[in-house]
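2 protein chains.
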Amino acid sequence: MGDEHHLDLLWGRGAATGRGRPARTTREQVVAAGLARADAAGLEDLSMRAVAADLGVGVMALYTHVESREGLVALMIDAAFAEITGDLYPHPGEPWRDAAARQARALWELYARHPWILHHGSRLPMGPHVLGMEDAFFAPFLDIGLAPAETANAAIALRSLVTGLARDSTSEQDQVRRTGVGLAEYWSSINAVFWERYFEEERYPSMTRLWYEGGFESEDVLAEEGILERAVEAYLDGIAVRVHSGGSGQDAGVARRQGAPSRAGGPPPSPGGPR
Amino acid sequence: MGDEHHLDLLWGRGAATGRGRPARTTREQVVAAGLARADAAGLEDLSMRAVAADLGVGVMALYTHVESREGLVALMIDAAFAEITGDLYPHPGEPWRDAAARQARALWELYARHPWILHHGSRLPMGPHVLGMEDAFFAPFLDIGLAPAETANAAIALRSLVTGLARDSTSEQDQVRRTGVGLAEYWSSINAVFWERYFEEERYPSMTRLWYEGGFESEDVLAEEGILERAVEAYLDGIAVRVHSGGSGQDAGVARRQGAPSRAGGPPPSPGGPR
DNA sequence: GCCACTTTCCAGACGTTGTACCGAAAGGAT
DNA sequence: ATCCTTTCGGTACAACGTCTGGAAAGTGGC
Numbered sequence: 001m002g003d004e005h006h007l008d009l010l011w012g013r014g015a016a017t018g019r020g021r022p023a024r025t026t027r028e029q030v031v032a033a034g035l036a037r038a039d040a041a042g043l044e045d046l047s048m049r050a051v052a053a054d055l056g057v058g059v060m061a062l063y064t065h066v067e068s069r070e071g072l073v074a075l076m077i078d079a080a081f082a083e084i085t086g087d088l089y090p091h092p093g094e095p096w097r098d099a100a101a102r103q104a105r106a107l108w109e110l111y112a113r114h115p116w117i118l119h120h121g122s123r124l125p126m127g128p129h130v131l132g133m134e135d136a137f138f139a140p141f142l143d144i145g146l147a148p149a150e151t152a153n154a155a156i157a158l159r160s161l162v163t164g165l166a167r168d169s170t171s172e173q174d175q176v177r178r179t180g181v182g183l184a185e186y187w188s189s190i191n192a193v194f195w196e197r198y199f200e201e202e203r204y205p206s207m208t209r210l211w212y213e214g215g216f217e218s219e220d221v222l223a224e225e226g227i228l229e230r231a232v233e234a235y236l237d238g239i240a241v242r243v244h245s246g247g248s249g250q251d252a253g254v255a256r257r258q259g260a261p262s263r264a265g266g267p268p269p270s271p272g273g274p275r
Numbered sequence: 001m002g003d004e005h006h007l008d009l010l011w012g013r014g015a016a017t018g019r020g021r022p023a024r025t026t027r028e029q030v031v032a033a034g035l036a037r038a039d040a041a042g043l044e045d046l047s048m049r050a051v052a053a054d055l056g057v058g059v060m061a062l063y064t065h066v067e068s069r070e071g072l073v074a075l076m077i078d079a080a081f082a083e084i085t086g087d088l089y090p091h092p093g094e095p096w097r098d099a100a101a102r103q104a105r106a107l108w109e110l111y112a113r114h115p116w117i118l119h120h121g122s123r124l125p126m127g128p129h130v131l132g133m134e135d136a137f138f139a140p141f142l143d144i145g146l147a148p149a150e151t152a153n154a155a156i157a158l159r160s161l162v163t164g165l166a167r168d169s170t171s172e173q174d175q176v177r178r179t180g181v182g183l184a185e186y187w188s189s190i191n192a193v194f195w196e197r198y199f200e201e202e203r204y205p206s207m208t209r210l211w212y213e214g215g216f217e218s219e220d221v222l223a224e225e226g227i228l229e230r231a232v233e234a235y236l237d238g239i240a241v242r243v244h245s246g247g248s249g250q251d252a253g254v255a256r257r258q259g260a261p262s263r264a265g266g267p268p269p270s271p272g273g274p275r
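Residue numbers (the UniProt record's numbering), protein chains in the order written: chain H, 1 to 275; chain Z, 1 to 275.
I should point out that these hints are in silico values taken from the structure, not numbers from a laboratory. Here a beta-carbon is modelled for each residue, glycine too, at the ideal position from N, C-alpha and C. Hints should not be assumed to be uniformly reliable.
Said to hold, decoys possible - With the Cβ distance kept under 8 Å, some of the chain H side facing chain Z (calculated, not the full set):
hint, residue
1, His119
2, Leu131
3, Ser160
4, Val193
Please work from the sequences and hints to get the whole structure.
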């Protein structure tokens, strides 16, 4: 297999020559097994030995399809994003706010299905479907009268808002799963022990006051989606204000780069690119 | 030391009795050594052996101060947040938007100093300074005419927005540090290899168009702070709209909970609390 | 001064992890 | 049938977190 670049695997380049001993498993099977295990038990239970055992295969057999554990996780992440990239671009005639909100929801639900993506340390891999997701997030803000840089920032910030909220929301479930203790006992132990033993109401006046005013009453899981909806709506409101009033960037930056680009290559996939 | 609860360590409860062999290091020293190492080399280089070697101490000596590696990281995170909790609450007379923006900046800069906090998998530990930060973030939104639940959501979403943006921005520097390759070569290799070998302009039309329009031109590091400023401003604009027009929640939920609370204890420190 | 008692320190060991090495196995091409 | 290419899997190794047991180093009581 050509070790030209580790990105080859993400972009499906390593074409089999047909010669040599045939592999007992496909790369798709390996990635699927990893996905299943991560969905069920989290990233910290994704050991190469465990994945190999799930497939009934020796450990080192995995390394014919992935170049490392981290490479496997990269493939898994890109495969996960393939779930939503099919219907992410704005539909014809769909208002930009509806499209952006729909994208935010899709990303949110993807993170709910695969929370390990959020607890994965490094950046998203530059795979085709991750890039597809990022590209789609730019689309709703393209022709609404924002300057190009504002357009880019608006989309990146929306993505980050969803990611941050999802991370906050899923991390506690993740912790519950990791420690093995059930959700009920976890919270009951927190409630029983933490508040009376450590929390000092006068030290944290804002939370205390909000508590007594009922600000933390939402107990159902769906209310957690409410916070996404509200935050996205508020943020898009802010973008809308920017469009109608101080926008003035409709044609300021259009076709500015028809000459010689200051950097060779193409667009960066993520916040800012080279800095 | 009483192993009543792992939270005792975070809240500084384990008081030394004065008897027995005195410890050669203090818990503060251990946490500081861990902080220094994580700041310099990231969380994945924070091994117990390395921290012990930095202190000139045997490995197991650390376990008299921390109960595990994860407990050490929790202490480190709480210690890091202590850097900003001193001046986080709104100043007297400070407009709520200024206070919220200032908090967002402070959190952003904290993450820039300690990016490993963002790449840490599980949720923030329930330490006194983490709680202090969370409490302060609620304060600006308290008396601006939002319903209690909206107040809580607004603060949580602002925190998540900053965290998400910071995570996106710092993860690539983190990746550079982890792989050992310098920033310049990293990006030059990305630029030289990626765009011409993998990227297909017709497959990612939004990014391609934004690129040609100059949407990704910000090359300086400070521009990265611009994205935070812009996103926070947009979000706070959305909150402001909510306050002045459709708010109507000024007194809807005040003092609703003076009777018997539906849950025993006190306010939850984080999004939603028990669900 | 001496002795119990308590706490900390450290060397070694154990189990688990990712993965390098290498000979054996298995199929296509000649 | 023989080569050639690729995959397979047992073994090995270094690094990791942390348990264990005994030695070390103090304090309090006599």
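ask   = When the nearest CB of chain Z is found for His119 (chain H), is that gap smaller than 8 Å?
value = holds, 4 Å
ask   = With 8 Å as the cut and Cβ atoms as the points, is Val193 (chain H) at the interface with chain Z?
value = holds, 6 Å
request  = Would you settle whether the hint for Leu131 (chain H) is holds or violated, based on the nearest Cβ-Cβ distance to chain Z being less than 8 Å?
outcome  = With Cβ-Cβ at 6 Å, under 8 Å, it holds.
request  = Report holds or violated for the interface hint on Ser160 (chain H), using the least CB-CB distance to chain Z and a cut-off of 8 Å.
outcome  = holds, 3 Å
In terms of the numbered hints stated before, the structure departs from none.
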